[in-house]
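Visitor: The lines below spell out each chain.
Number of protein chains: 6
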Amino acid sequence: METVNILIEALPYIKKFHKKKILIKYGGHAMVDEKAMDSTARDTVLLKYVGMNPIVVHGGGPEISRAMDKIGKEPKFIEGLRITDRETMDIVKMVLVGKINTEIVSRIGWHGGNGVGISGKDSKLIEAVRKAPHEVINNVTGEKKIVDLGLVGEIRSINPEIVNVLTKNDYIPIISPIGVADNGETLNLNADTVAGDMASEMDAEKLIILTDVPGILADPKDPESLIRKIKIDEIEELILDGTITEGMLPKTMTCIKAIEDGVSSAHIIDGRVKHSVLLEIFTKKGIGTMIKS
Amino acid sequence: METVNILIEALPYIKKFHKKKILIKYGGHAMVDEKAMDSTARDTVLLKYVGMNPIVVHGGGPEISRAMDKIGKEPKFIEGLRITDRETMDIVKMVLVGKINTEIVSRIGWHGGNGVGISGKDSKLIEAVRKAPHEVINNVTGEKKIVDLGLVGEIRSINPEIVNVLTKNDYIPIISPIGVADNGETLNLNADTVAGDMASEMDAEKLIILTDVPGILADPKDPESLIRKIKIDEIEELILDGTITEGMLPKTMTCIKAIEDGVSSAHIIDGRVKHSVLLEIFTKKGIGTMIKS
Amino acid sequence: METVNILIEALPYIKKFHKKKILIKYGGHAMVDEKAMDSTARDTVLLKYVGMNPIVVHGGGPEISRAMDKIGKEPKFIEGLRITDRETMDIVKMVLVGKINTEIVSRIGWHGGNGVGISGKDSKLIEAVRKAPHEVINNVTGEKKIVDLGLVGEIRSINPEIVNVLTKNDYIPIISPIGVADNGETLNLNADTVAGDMASEMDAEKLIILTDVPGILADPKDPESLIRKIKIDEIEELILDGTITEGMLPKTMTCIKAIEDGVSSAHIIDGRVKHSVLLEIFTKKGIGTMIKS
Amino acid sequence: METVNILIEALPYIKKFHKKKILIKYGGHAMVDEKAMDSTARDTVLLKYVGMNPIVVHGGGPEISRAMDKIGKEPKFIEGLRITDRETMDIVKMVLVGKINTEIVSRIGWHGGNGVGISGKDSKLIEAVRKAPHEVINNVTGEKKIVDLGLVGEIRSINPEIVNVLTKNDYIPIISPIGVADNGETLNLNADTVAGDMASEMDAEKLIILTDVPGILADPKDPESLIRKIKIDEIEELILDGTITEGMLPKTMTCIKAIEDGVSSAHIIDGRVKHSVLLEIFTKKGIGTMIKS
Amino acid sequence: METVNILIEALPYIKKFHKKKILIKYGGHAMVDEKAMDSTARDTVLLKYVGMNPIVVHGGGPEISRAMDKIGKEPKFIEGLRITDRETMDIVKMVLVGKINTEIVSRIGWHGGNGVGISGKDSKLIEAVRKAPHEVINNVTGEKKIVDLGLVGEIRSINPEIVNVLTKNDYIPIISPIGVADNGETLNLNADTVAGDMASEMDAEKLIILTDVPGILADPKDPESLIRKIKIDEIEELILDGTITEGMLPKTMTCIKAIEDGVSSAHIIDGRVKHSVLLEIFTKKGIGTMIKS
Amino acid sequence: METVNILIEALPYIKKFHKKKILIKYGGHAMVDEKAMDSTARDTVLLKYVGMNPIVVHGGGPEISRAMDKIGKEPKFIEGLRITDRETMDIVKMVLVGKINTEIVSRIGWHGGNGVGISGKDSKLIEAVRKAPHEVINNVTGEKKIVDLGLVGEIRSINPEIVNVLTKNDYIPIISPIGVADNGETLNLNADTVAGDMASEMDAEKLIILTDVPGILADPKDPESLIRKIKIDEIEELILDGTITEGMLPKTMTCIKAIEDGVSSAHIIDGRVKHSVLLEIFTKKGIGTMIKS
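Protein chains in written order, with the working numbering: chain A, -19 to 273; chain B, -19 to 273; chain C, -19 to 273; chain D, -19 to 273; chain E, -19 to 273; chain F, -19 to 273.
Note that these hints are calculated values from the structure, not bench results.
There could be a bad hint or two in this list.
Because identical chains cannot be distinguished in the list, a pair is counted as satisfied if it fits within a single copy or across any two copies.
Unchecked claim - Straight-line alpha carbon distances no greater than 25 Å define the calculated PhoX-like cross-link-like pairs of lysine-lysine that follow: (1) K15 with K(-5); (2) K148 with K0; (3) K148 with K56; (4) K50 with K237; (5) K79 with K56; (6) K111 with K53; (7) K79 with K50; (8) K254 with K(-5); (9) K254 with K264; (10) K56 with K111; (11) K(-5) with K148.
The structure presented is a predicted model; accordingly, all values stated were derived computationally and were not measured.
Sequences are here, hints too, so could you generate the full structure?
Guide: Right under this line is the structure:
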């Protein structure tokens, strides 16, 4: 009987998001831990079956570094961005497209969903330009040096037709965050940014970013201090006073941009919590932090 | 959290009945008690939103008798069938189409569904022929007499196009059980039979008949003796040994016919139990009696 | 041979209204007299078959009062509007939807048309708000009193999708003039107003209102004084000088509003004349009064 | 009022042939006399507007001979078939496609129809093979000689797609009776045969052949002796006993073949009678001779 | 191997004009010489098969005069326009529609294309008005006289639906340059003008006019002085200084108008060169003169 | 001019394969050498643009072994099949889906095609079962042992919907040869077999297998002894007499099976020859060996 009462309670949410697109960024724990991965895939399939249109973008940082280790290549980062030479780019592609994406397709298929994995290269879904080399100042020594990140790109435009074709034909698209340059070269992209831009380009109703923290914390040291709801213009202050710390900053910026571009709400939620996506969508309180305009 | 676990448990059922047609016969308590009516309507809307295609056929006996009382006309029955003269037929139409059907449309609309009420007369959905007068023997006196039920009909053919058009355009069709004769006359039909024939004509996956008993009982006097599952060929015995009593007999026959005509399963369930339709569809055990081939 | 000459003469009208929507308000005599009803239904079917898209809105005042009489309830009116308590509303629904609408569907079906009866409640076709209680002054005594008409509504918005779906699929929609309030309650609506608003909402080419008078009369006492054609701005004068009398006033206002909202022409015609609808459409002179912008 | 009564009388015919294809062979008088031509064109447009799908095939013998005269070329016939050398074929094409067909398109356009003229060559609508030279015996002298009719063809196959495309898009197709050979050459075809074969290939409901006689006559010399209705198997006798004379024989054979191939009825009617097509379709008696299976 | 290299070289052109409409005016040599005609037809079919949408407009002056000769009627021209009495108009129609158009359809069919011949009269594709009689001054004598060209028209509007229907259904439309007047009369039109107006109305990518000269020549007497590319505003000068001579003037004006109305490029090319259409489309240099905005 | 002549010569082939599906197996040289890869990609794009529907299946053996080397894992084969433990399977997926497939998508995109890379796991395109462990006899020692190839699969069924959706929407599908087992596990498949089965499942017109030999050789040691054309029943003999040697045997068997399942022709061609695919399709002689029924 409880089953049924809960279904009935879910009805308003099912109605609200009927036929709406929900962009889910798989990240952190949900990309590493088998169970978390599986629970997230099942959530995604359920959204599809109750009439929504989930679209998945996945990340994959740790797995890439692990693959580099295996062949004895040391991962290098500057300002949180991976320096990507041609050999690294090959590993990035293989891990993202060949391993993680197919893994997600598997799990979604296992739960009865029709997942189709694509990358930003397929029919030029994501056109990108290489990030120009730029000057970086060492905070300690004051030394300046020119940094070239290699094959790291910035999104220039999105051609969403293939995603629309898949969605319209009842498939769940799973997107690997790489892009294609004018010269045909593959570029490494930030997965959060891809998720955000894809959300606005697809007129998504919601952007949900899975992380390994509860959301934006009023006191970064106190996991109990979760901010449940925040408006775009309230965020600036939190950035200025250092509440939104480095790790959270780019995710927050991605959410702000998506909302400014028309996405109704953006959510930073804890992928370590089982079924966090469903908790976000089907409970009044939600989980994590909701950002609205 | 429980919310979400239960949703996850519902997923296999949602998948199983995805885009399938579910024919629900509203009857008994669910047509009388405000709360039961409302809970049934809400269940129906939920089925629609999670991707199934519910089609409703409703009954209305008690309400018709009440309306006749009001104008001082005495309802008469022979063998459970209402003797229907022209004036009675007018009342039947007014109550079924004008009162009960619009009431169901209201409740479905209230819960967010797009209900559209039609009757068997709309675009000749149900073509019927008048039941021929026939001889009846009084069990006690042995007296024979010819009985003419008047404007009571038997279904000759169903033209389901209008129901298909409504279903395909995402409406929930709500059907009043009257038919149209060759001469244009309206005929009173048995609602269970309409539900059963409509289920087979529409290639429904399930026929669910709401009643005021728990289902088929092994011992008609013991409500605890519910038979949860029974095959068509096991039923005959129950009829012969008097287990299936008079009130249940026509409903059982309707179920058998529907299954023989291709409906996957038929269910006689207790409309007095709140959310009985959802309990039937979303729990492993179901409620009431399931009849299969 | 004459047959054929007349068909040939009809061709220009058939061409002119090809695929156009024609909103016909069934009223007065055409709702009471069997023969008139039948002739109007046949006219409607003919329009459909020669390529136009008739949409029917019906009234039903006298029949409602008769039904109230039967159960010993006295009909009450203030300023021509029926005071509608809950019990009355039930009778209104039963008579309009259950009796009159099904009757029209029958007759249309009889002549080979695919009629589908709906009410303003179906998929919330007509959303309405309850008319607020308001002060009325007795012209004679000068006495003021607050009048509450009960469940009488005013149209707030029309969601014409269901009518479009029916029309596109070659059905003839027949609409009962009731609406649904925000709280789900049924409200009694003026049928002429429903016809007018539906005509503009559906981009109808013509609005035809069937009445029991020849049309607008230059001298209300002289049935020979019919005004055949009148422009919107000429009507005001007729209202001021008392030519357009009370009964005709609301119909005239409905016509004006429909034309201001884009309907090409509105017609007030005599439903007592056999085949008046066809006479209006297929003869140069037409019958009744034509109102144009 | 009469107008309207007649429209009402036409309704059953309009219903009966709703969306049905009617193949009309324009011939004889209706291809020569301006008024007859015009009346036939208007009839055709009317059929289209009241919901049928007329398809026109035209002939043109006399006009071709006249054009040949103009350039001083003598028309020659053997067994009623025109001996067609290359120069003659050019004239045939020019007269049929360039003159008669465009003339019909004009008249249909004038009455508000969207006629599109095509020939059997367009997208290889009619593939034909040249009639082989064959022996002919002179009935009088008993002399035998080999006759080569030149570019005269027999229909091998019909590719009706273009006619379907035109019909589905609400155009009236007007077809000139020429065909294309395997080698690309144009072949002269018998227009009646084209009409008959086209009728069966298009699953037409009716084949109507316009001639200059009242129909099949019981006594060929007595125009009053019209046979109104005849079955296929009754015709054989009439052929054997010489009732069906030479001129009528091929038309009759065409009708029989069309009916055997699935056309519901075939009609040989008098094109000299004004609006003969409408008289045939919209009156109970029809005109001319109806042939049924 | 060369075959393949050349196909590969053609790829960029095939891509560039993928699904684009190409309006080709068949004229001059390409309408007279069998081989030229055939090569042009084959080019047209190839364009269709490699994914473009060719639309053909043809001329036919010389053939018309020849046909007039045959019946002993002298062709007369004023200012390059044929004086067209009713008899001449008949010949024009017969030659254009009945002979040249069917001939082109034949050749296109022979090479595997689905050509459908239509004229400006079909479903009123080209509506025209008769050119008003106007005063002409004899350059030599200074004498003035009123000239009436008879049934010569100017294009008033184009209803391109039929061409769109044909193109969308994979047919190649072949259009004869005649128009229909308000009174239903056929009017003789300039084929170049028809081609130009059709190109803009259809949003064609290219207008290609086949002539009997290499293109616009810098020195009209020197065929080697071909201008390969010219902008609209450079042309005026050439007209003023007499470089663009009388014969070329109207074709040039047609090209300018088409480009001003949105066609991307217009080409005047030499139809005497075999496969000139393909040379224009598939080589970098093209042939003839290209006019751009 | 030559350009154009060759295009004209290509027309019959373009017509013949219009809208037909061509299954191309990329293998050998064409998967290794940059230039060969690029030329094959360009060929594929050209086929798409001239109206055919190419579908690509790719292999990748050598690249997989190279990737294994990099992480110090030794590739092992039994009877030409790779022993695939879980770690190897991960590498297979990464190389096939993440590296080779994206590389092909890149090259196709570079030449203007809309490639979309998928694997047999996407929406369960290829369902497979694990090859059962089986006994192998050492030819030399006569020793028997049970061999378990690990995650190597055999195709059980193909669900081609996703490939159809992509093809219909004008994408070029590029398929990696892995399959999904009932338990969700990824299985390594033989790419030739995938190509063959996909060809029959998709009703392809042609199956083209790119290899590193000229085709089937009458004398395996003499590259000049190419068999240009062979029928299925002639092949058996060649197998028996040892002409078709080990390397060629499975490819030949794949071709035979495809043809028996309805593919019109299968081709084993030399991927080392530049533009070999186009040479096969656009020249009369073709290249390599053609196998027909």
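Visitor: Look at each hint and say if it fits the structure.
Guide: So, going through the hints one by one against the coordinates:
no.: 1; hint: K15 with K(-5); result: between (29 Å within a copy, 22 Å between copies)
no.: 2; hint: K148 with K0; result: both (12 Å within a copy, 19 Å between copies)
no.: 3; hint: K148 with K56; result: neither (41 Å within a copy, 44 Å between copies)
no.: 4; hint: K50 with K237; result: neither (37 Å within a copy, 41 Å between copies)
no.: 5; hint: K79 with K56; result: both (21 Å within a copy, 22 Å between copies)
no.: 6; hint: K111 with K53; result: within (23 Å within a copy, 36 Å between copies)
no.: 7; hint: K79 with K50; result: both (15 Å within a copy, 17 Å between copies)
no.: 8; hint: K254 with K(-5); result: both (24 Å within a copy, 21 Å between copies)
no.: 9; hint: K254 with K264; result: both (17 Å within a copy, 24 Å between copies)
no.: 10; hint: K56 with K111; result: within (16 Å within a copy, 42 Å between copies)
no.: 11; hint: K(-5) with K148; result: both (19 Å within a copy, 18 Å between copies)
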